[in-house]
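Input sequences plus hints: build the corresponding full structure.
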Amino acid sequence: MGTEDKSVPRLLTGNEAVALAAIEAGARFFAGYPITPSSEIAETLSRELPKVGGVFIQMEDEIAAMSAIIGASLAGARTLTATSGPGFSLKQEAIGYACETEVPCVVVNVMRGGPSTGMPTLPAQGDVMQAKWGTHGDHPAIVLCPERIDDAWELTIRAFNIAEKFRTPVILLLDEIVGHLTEKLVLPLKKQPKLFDLPQNVSKEGYLPYRFDGEYPPPLIPVGQGVPYHVTGLLHDETGFPTNDPDLAERNARWLVDKVENHKDELADVELDEVDGCDILVFAYGGCARSARGAVRMAREKGLKVGLFKPRTLWPFPEKELQEAAKTAKRVVVAEMNLGQMAHEVEWALGRSIPVELHSKLGGEPILPTEILATIEGRD
Amino acid sequence: MERVDYDKYLRTSRIPHIWCPGCGHGIAMKSILRAVDHAGWTKENTVWVSGIGCSGRITGYVDFNTLHTTHGRAIAFATGIKLANPKLNVVVVTGDGDGTAIGGNHLIHAARRNLDITVVLLNNNIYGMTGGQCSPTTPQGAKATTAPYGNMERPFDIAGVVAACGGNFVARGTVYHVNELEKLMRQAFLKHGFSFIEVMSPCPTAFGRRNKMKNAIVMMEDLKERSVSVKKAKDLTDEEREDKIVNGVLLDRDKAEYTDLYRQLIEQLRGS
Ligand SMILES: Cc1ncc(C[n+]2csc(CCOP(=O)(O)OP(=O)(O)O)c2C)c(N)n1
Ligand code: SF4
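Sequence order for the protein chains is Y and L. My numbering puts the first residue of the first sequence at 628, with every later residue one more than the last. My numbering puts the first residue of the second sequence at 20, with every later residue one more than the last.
Take these hints with a grain of salt, some might be off.
[Claimed, not checked] Think about it this way: if two alpha-carbon atoms lie no more than 35 Å apart in a straight line, the pair counts; the simulated DSBU-like pairs of lysine-lysine are:
#	chain 1	residue 1	chain 2	residue 2
1	L	Lys62	Y	Lys678
2	L	Lys274	Y	Lys678
3	Y	Lys678	L	Lys106
4	Y	Lys831	L	Lys106
5	L	Lys49	Y	Lys831
6	Y	Lys817	Y	Lys678
7	L	Lys62	Y	Lys792
8	Y	Lys633	L	Lys106
9	Y	Lys821	Y	Lys891
10	L	Lys263	L	Lys233
11	L	Lys27	Y	Lys831
12	Y	Lys886	Y	Lys818
[Claimed, not checked] Stretches of chain Y that chain L covers, calculated by requiring three or more beta carbons in the stretch to come under 8 Å of a beta carbon on chain L:
#	region
13	659 to 672
14	676 to 684
15	703 to 711
16	840 to 853
17	856 to 870
Hints listed in this document are in silico derivations from the structure and should not be mistaken for laboratory results. Just so we're clear, the structure is a prediction, and the values are computed from it rather than from any experiment. No residue lacks a Cβ here, since even glycine has one placed at the ideal position from N, Cα and C.
Shown next as structure tokens:
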């Protein structure tokens, strides 16, 4: 299996799909550190990247890997790293650095059971809040979460597009179910994402790498092109130099968050299934959405009016889309493999106007469709 | 010493700098600039990367593409830059806390890989920026804010550690011996492969005052008195060498460099 023969249907795992889609998206630099259940991404890229002139490096730890992809991105490469829980924790300081220095990159986290070493080979969705709040300080968060292999392919490409356009790290959050499951991929996808073309011929004259007043950040002129700007994790002005001026510092900090929050509509990405006029709305994402689909089908066979809401962008949270989908719902069921990280968000988004019931499961076994069905029917 | 137009390389609008009077870091910065000038490196092809600390502030003052990164990780950032664009010259400036404590792992691995970057470690035996806590190079018995009764730990011979890990060039110099330092810097900057230079740079504020060296002049004299050449050091006993600063070239060789090896792999796979 290589990067050739793109139109031939292929069997791929989620991890392989992410790796190959990254190359498709133009990624030419990967730095990582082995960790289950994400290692196949590193392994695939170690084989495939040099074939397309890209570079793979296994670093000495996850902090180094995260730092290296930021460096490579500043040098002009599209970059990614991949990890799981413990490694994702280690990367957080550098993720914050990428937020503050507005360096595009993609960070894949294939979730395992946690906390700590947790359950390395088994699925969980316990890093949903960490993906948003893992690094210190107010900061932007864009998090995409696939359910299937075609999803994984498409969202990987979308992750790179968003990272470049918003000049910020994008987290691609898989769980072990999606990372290790094998499915057929037929290209081109029905919704084949277009690659984001960076604006060309950015003027070097008077270049301000950190303008705070645009719609989007100015494109990054890579280092080594004769524009000697400064990059620092200290709060800075529009030139990039550190500032202690309270107004400038606040503008810098707000800009990072605003540039994302102002484009919530553009970033919102949800899959809806028969939500119009539904009595019960099921909310599920990632590997859990697969079980939720089965549960919803069984419930409909029993005559219940059940809709499915699957966010593919977890952060920013698609609250408007959720409010719309839940318009007629009398109950919302959230199925997730954590203790309710998204259920709280759903409750908040709906203004506590509709009862939200959580079906959660820890321990490493996927939630079964019949289990979600029981919650839909109010039997548990 | 060559005459160099420093203003050409400095962001004069960012000066005055933050360093204390008598700090060695400014002398080290000038030495690096002379080496960069001598190597013919320009703003178009050179990137400076630093970590966090007083040493790390150098990147704010030199007019190149500069990265002031996170504490200890400058070498890891530099690794990404160099691999993504091997044509760039990459200078890393780090401190003894930055480079040997929190960043020690990245230092030894970059040396092992023999990546073509130049790492300058400014060793003032203390955490300067945070006010004088112990570092892994604080001498045994010295006082620090976190070693009020004297430091119990043995310090790193960090140049020795790096030389043991790999790389193509390792040297040590001091900001007192500027002419000799310039020669070492030139060699380090011209060397293809990983090169490392440890620069002893006094911190009168956070180290000297607590350790019976009341000002910068006394600290400079201390550097002078304790220094011996690599050659002379060979004739000393371990005990005699204990508090000496061994200056000169510790490693100089030409092992295969990492980005060259990677380029060869790409060419081989792509059949060109
Ligand atoms: C992760 C992290 N831990 C701690 C700090 C606090 N800190 C800032 S500078 C510094 C020590 C720097 O000492 P050194 O590298 O010796 O440089 P010097 O200031 O002496 O030049 C520390 C511990 C930090 N910025 N980040
Ligand atoms: S505290 Fe020490 S290292 Fe920092 S600027 Fe002052 S003298 Fe230099």
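Which numbered hints fail: Those not satisfied come down to hint 13.
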